[in-house]
Each structure stands twice: as C-alpha cells, then as structure tokens.
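Student: What follows is the residue order along each chain.
There are 2 protein chains.
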Amino acid sequence: MSAALPKLQVIKIGGNVIDNPPLLEAFLTDISKIKSPFVLVHGGGKIATEMAKELGIQSQMIEGRRVTDTASLKIVTMVYAGWINKSITATLQSKQKNALGLTGADAALVLSKKRKPHPIDYGWVGDIEQVNGKALHELVQQGYYPVFAPITADKQGQLLNTNADTMAQAIAIGLSEFYEVTLTYCFEKNGVLSNPEDDNSVIPHIHEASFLQLKEQGIVTAGMIPKLENAIKAISQGVNTVRLCHASQVLLNEGGTKITA
Amino acid sequence: MSAALPKLQVIKIGGNVIDNPPLLEAFLTDISKIKSPFVLVHGGGKIATEMAKELGIQSQMIEGRRVTDTASLKIVTMVYAGWINKSITATLQSKQKNALGLTGADAALVLSKKRKPHPIDYGWVGDIEQVNGKALHELVQQGYYPVFAPITADKQGQLLNTNADTMAQAIAIGLSEFYEVTLTYCFEKNGVLSNPEDDNSVIPHIHEASFLQLKEQGIVTAGMIPKLENAIKAISQGVNTVRLCHASQVLLNEGGTKITA
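Those protein sequence lines, which keep their order, are chains A and B. When we follow full-length UniProt numbering, the leftmost residue of the first sequence carries the number 1, and every step to the right adds one. When we follow full-length UniProt numbering, the leftmost residue of the second sequence carries the number 1, and every step to the right adds one.
Honestly, the hints are just simulated from the structure, not real lab data. A hint or two may mislead.
Identical chains blur together in the list; that is why a pair holds if it fits in one copy or across any two.
What the hints assert, rightly or not - Calculated pairs, EDC-like style, for lysine to aspartate or glutamate (alpha carbon to alpha carbon, straight line, at most 20 Å):
| # | residue 1 | residue 2 |
| --- | --- | --- |
| 1 | K95 | D69 |
| 2 | K116 | E188 |
| 3 | K215 | D154 |
| 4 | K95 | D154 |
| 5 | K155 | E25 |
Source: prediction; values computed, not measured.
Please build the complete structure, drawing on both the sequences and the hints.
Tutor: See below:
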C-alpha cells in the first residue's frame, strides 16, 4: 500500500550546523533543490545559550540537560521561533521554496504536555502528545514547505521547549499516513561513528538489536542515544527510511547511517 | 458588488496593549468570540526596547523613530516573531481559535523592500511592496486565523522591521478583493481625541479633508498622524470600514473614531 503514496522528506538540521553560517547556507541551497515536498525541523544551536549568558540568566543543568525556567523559555522561543526560524524561512523563500515558518503552537500542529516534575523537574519542557498530520498534509499539498522550530504548546496555551529530534520523529510518523516518508537527521558528523575520533568509522546500518548491543558496549553514548531511539521509533511506526548523515550529504541517497527495522 | 463578499476583520493591536497582560488577555478573550474570520496584526511594545537595554545595545533614534541596525533587527525579530507572536497564537489556540502565527516572510505573504538610506538611513526597515492576498485568503478559507508579527522580508531573504499599522493597512487592502473588510486599530485610547488630556473628547468621524484640517490645526500630532494616514489609505483603496478604538471596544460596532471616504 505504501508504494502508492507520494514521497516526502522530513529533515532535521542540528544546532551545530545552525551555528556555522557557511555550512547552513550550503545546506539550505542543497535542500532547495529537492524535488519532493519536505518538512524541515531545526534545532537551536548556541545562540540561545549565548543570549542567556549576555542577559545574566543562569542555565541550570541536570544530568547534562538544560532546565527550562520561565526566563529560558522566553529566550528559546525568541531565538528558535523568532530569529532562527524566520531567517531560515526568508532564505528558503529567496531560493524559490515556498517556506512557512512554524512552531507546534501554530494551527495546533504539534501539541505537547509539560513533562512531569518527578523524578527531575526540567521546567517548561514539553513531551509531544499529538501531531495534526492532516492539517500539515494540507499545507504541504498547497505547496508550502513547513519549517519547524522546536517549540510546542499544550492545550491550555502554555508554550513548551521541545526536543527537535523528537519533534522530527513525531512529525515523520504523523505524516506516514499520507506519504512514503524519509526522515533524515543531518548534523556535523558523517553518521553514527564506531570511533568518535575517526570520521571514517561510520556504522552503515543499525537496527534495534544492534543498537542495544552498541549501547551495551558503550560504542554509542550520550547525545547519540536519544537520537537513535528517535530514529528506531520512527522506523518502527511507519516511516519508510531513516538516515543519520552529515548536512552536506542531504541530497545523496547513500552515506551516513541507515536505520532499518 | 462588495455586498456579495463575505465579511472579514483585520485587527491591529497596539504595543501598549501588548505591554499590559490583563488588557491583552481580555482582548484575546474578546476576539476569540468573533464569528467572522479575522486577521490579527500585533505591534511590539516595550519588550524589545527593554531587551536591547539589557543586552547593552544602544537604540539610535532619529526624529523620534528607531534606527534598526543589525543587532536591533535580531532583537525585534526574536521578540515580535518569537515571543509575542507565539504567545498570542498559543493563547488563541487555548480559546478554540485556530491561530497561525506568521510574519511577512512566511509563504512570502508580505514582501517589502529596504527603505532607501536617503535622506535618513533607518537601517533594516522595510516598506511593503506586495501582499499575497490570494494565499492569505486560502489560509483563511481553511479556517485559520492568521496572527502577524510586524516583520517582513525582501525577495533576497533579508528580514526587515516593518511598521505594524502599515502592515495592517496593506493586509486589509490586499484582502479587499476577497472580503468585505473591516479594519480596526485597537489601542489604549478611546479613539482619536480632540484633547489628548480628555478621554471623552473622541472625534467620532474623520475623512480625508477633516484629517488635513485637524493636522493643520495641530489637533492630531505625532504618532496619530501616520496611523490616520494608514486608515485613510485603507478606506480609499477598497477597505469597507475603518475604525480606531480602545482595545476593550473591539466587539462593539459603535465607539471610537470611524474613518469615512
């Protein structure tokens, strides 16, 4: 059945690429050449952290993860949904792609719920509850290229900081009813590396069992684990193809790490 | 002919209301009761100025108008298109209005051109060149309530700071082909006052000739002149009704100052 569906790409672009203007510009030029519809989800980069620092706002970290207090929520909403989102949207428009900058709050496209404060209170952080795939599909059908900042809202109108990798996964799953979806996580590495010091040590394929093994062996650690969990969840819930690769490989079908069921 | 068109409201909400959370909340509750489609355009308020101050960025003013340098453009985009726009959008969503937060850059809905640097260089300020009324009409037809921040872009992808009153006027004119448009400028005063000290001195009707007279007599001055120029331009270019009133009067048909041709 899925062979009959039109193709669509969901592309996540990581914060390290956002922080590198020439790499970001080249990436946006690349994706503007994509012929199928796509949805772009962007991360935040260091701008929010720098701005918080300049404003004298302390970023509280627990187990390596930022706590989003009220001042931080305001900053990430400003930086992600304001500056980064609209800069990317305007740039894609200048490259003849009809980009539409969004957050989950817009058209209630991605609704979330504040994470429970136990055992750790991460503050104004949202876990995704629902993607309005039908409304997003209609916007895509009209010729728009949605560009998402990683901000969502709950049904009571509370804005919430949301993980961009998870947002890309949830959107990819939500669109799988309407499209044969390829989800690509683009970042500053060539893929999942078996040796973090060696850019050529890309693991070409990972599936759920091998992921568990890699995790046990300590080969994939820290930031890569939640990214791979998102990738595996996507492939197990209807997304056709999932790949993690360098931002410069976005137009290629090969390269990087492919996730299989 | 215009009698056959469906009704639509374009509502501009001023910065002083944005700066007053209880007044803003009451205003959003009010407009969520409007039965016809509407487009909301919001101003900026003092948040951007305060943030610039906290970041140690000097706001250069020429003849009472702010110069938008690169640092200021970043701040207004963050504050207007990020924090204010998404807060309003999420709040309207919680009140069962399917709000969609936008800038002119999104879907190229409002394209502008950087203002010429002579005789005064205002920096990254955009003068509106084109409203994509058809695309906006389609979004309205889909049941969306567009919420615009006063940021636009040119065709080269440059974001530009744009006057919110002018943006509301241009959007109202751009939608007049498809709707019988009512444009309402909501602010913290009861209308155009003949005596700024007396809140009850509202001038009930102004047309082009009486505006010129009021201007000559020095009765309308400063910030009110460009607002009235926008109002008169709107009424002369196809907008059905234009009114300036207190934010609390948005649901009423009476009250405030009505602009007539």
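Student: Evaluate each hint against the coordinates.
Tutor: Against the structure, the hints:
Taking the shortest alpha-carbon separations for K95 and D69, neither the intra-copy value of 37 Å nor the inter-copy value of 25 Å comes in at or below 20 Å. For a Cα distance limit of 20 Å, the shortest separation of K116 from E188 qualifies neither inside one copy, at 32 Å, nor across copies, at 40 Å. Proximity of K215 and D154 under a CA criterion of 20 Å is satisfied in neither setting, with 33 Å inside one chain copy and 48 Å between copies. In the homo-oligomer, the alpha carbons of K95 and D154 lie at most 20 Å apart only across protomers (12 Å), although the nearest pairing inside one protomer, at 34 Å, exceeds that limit.
Taking the shortest Cα distances, K155 and E25 sit within 20 Å of each other only across copies (16 Å), while inside one copy they are farther apart (35 Å).
The structure fails hints 1, 2, 3 (numbered hints given earlier, in ascending order).
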